[in-house]
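With the hints as extra help, turn the sequences into a complete structure.
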Amino acid sequence: RLPMEWLTMPEAFQDATKLPGIPIGYVTSIIGHSNTGKTTLLNHAMVSAQRQGYIPVYFDTENAFSFEYAVKMGLDATPVYGDVQVEDIDPETGEISYHVENRIVNWEGNFLYYNTTKLAEQYGTFDYSTGKDTTKNRGEAVLEDIARCMQELIIAQREGEIDQGLVFIWDSVGSIGCFKEYKSLSANNMWTAGALSVAFMKIVNDLIPSSRKVSSKYTNTFIYINKVWMDNTTSPTQAIMRTKGGNAFKYATRLEILMGGQLTAGVKRLTATAKGLNYSYGTETKIKVLKNHLNAPHNVCYEGPLVATDTGFISLDSLEDYKKQHVSRILKELQNMADNNVNVKESDIKFEESEEED
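The numbering of the sequence shown is our numbering, which starts it at 461 and goes up by one.
Derived from the structure by calculation, the hints contain no laboratory data. Some hints here could point you the wrong way.
[To be verified] Subject to a maximum C-alpha distance of 30 angstroms in a straight line, what follows is the list of computed DSSO-like cross-link-like pairs (lysine-lysine):
id, residue 1, residue 2
1, 677, 643
2, 687, 578
3, 532, 596
4, 532, 784
5, 578, 710
6, 746, 687
All values reported here derive from a predicted model rather than from experimental measurement.
See below:
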């Protein structure tokens, strides 16, 4: 086996978890309520993967990935512009007309990005119940498409068509159904759990961990967000956080990270206002290692606070400097964009916190 390697995370992450980052060659899960910093963590992993010579492969089944946000955090991605037809509606007559604008239509760089549309375009003719291609495209992505894509990329890597390690990132388990659900036109969590177990068994139990061997030319990594739900039926006194899709990945996951609290989000929303301008500049959250099956001395489970901002994680100790430098600059830029001839001064800015207790 190779020595332990890491996708380096910011100092705030390292201080809170006592880990250098996300382990390379392992399966890592991230759980938590909405808006607790999970996507920020994924973006950091994507940026670090790219900087450290790996190809990030991002599966966006939430269809919510922001390239602009990732670029602010350091992702090397170039916008591709094209002409887009934009609809205009006359507010008085309701008449519809169109004009053409030059807008960003895609992004290029050393990464692979799949949303549900791209997955359906690439794999929508495959019938997972028969294992054969069909002439009709289902037009809808299913979770088996992601597993198939991952295996194809690993095969291409082994055959020399890809000459870098791969970091697979999925946002998120529980946001997309399985092929059986698509066929039956109904949702069934047990079917999803079964499909996850079957489709990803070889990936999480063999292909990812075996890539850590000395005999493997490249090391591959799998990081995923797992959507959660609160189970009120098990305990009469307290709800328990459960992962959607069951425990399909639980045993193969070596590191499990919780963002925010378990009962509620447990975060503080940080906002700044000045003369009618409003800017939500961050979320004070917590990060906790719930499960750690890494080798000693890295098998630690710590927790601590940090702040998720639009440029990434920072520590609480850095927050005042961030507010003075970054937040003030953004508010002045907002003022210029608004073109309201209002001069925003440092003394005009009010910082507010709205707390959501755990």
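Practice task
Mind checking the alpha carbons of residue 677 and residue 643 for me, to see if they're no more than 30 angstroms apart?
Solution key: Given pair residue 677, residue 643 is violated - Cα atoms ~39 angstroms apart, limit 30 angstroms.
Practice task
Assess, step by step, whether the Cα of residue 532 is no farther than 30 angstroms from the Cα of residue 784, and give holds or violated.
Solution key: OK: residue 532 and residue 784 at ~19 angstroms, within 30 angstroms.
Handout entry: Straight-line alpha-carbon gap residue 687 to residue 578, limit 30 angstroms
Key = This hinted pair holds, its Cα atoms lying about 22 angstroms apart.
Practice task
Could you grab the alpha-carbon distance between residue 532 and residue 596 and see if it respects the 30 angstroms cut-off?
Solution key: Given that 30 angstroms is the threshold and the Cα spacing comes to 40 angstroms, the pair is violated.
Practice task
Would you check the hint for residue 746 and residue 687, treating anything up to 30 angstroms between C-alpha atoms as holding?
Solution key: holds, 17 angstroms
Practice task
Please work out if residue 578 and residue 710 have their alpha carbons no farther apart than 30 angstroms.
Solution key: holds, 28 angstroms
When each numbered hint is compared with the structure, violations occur for hints 1 and 3.
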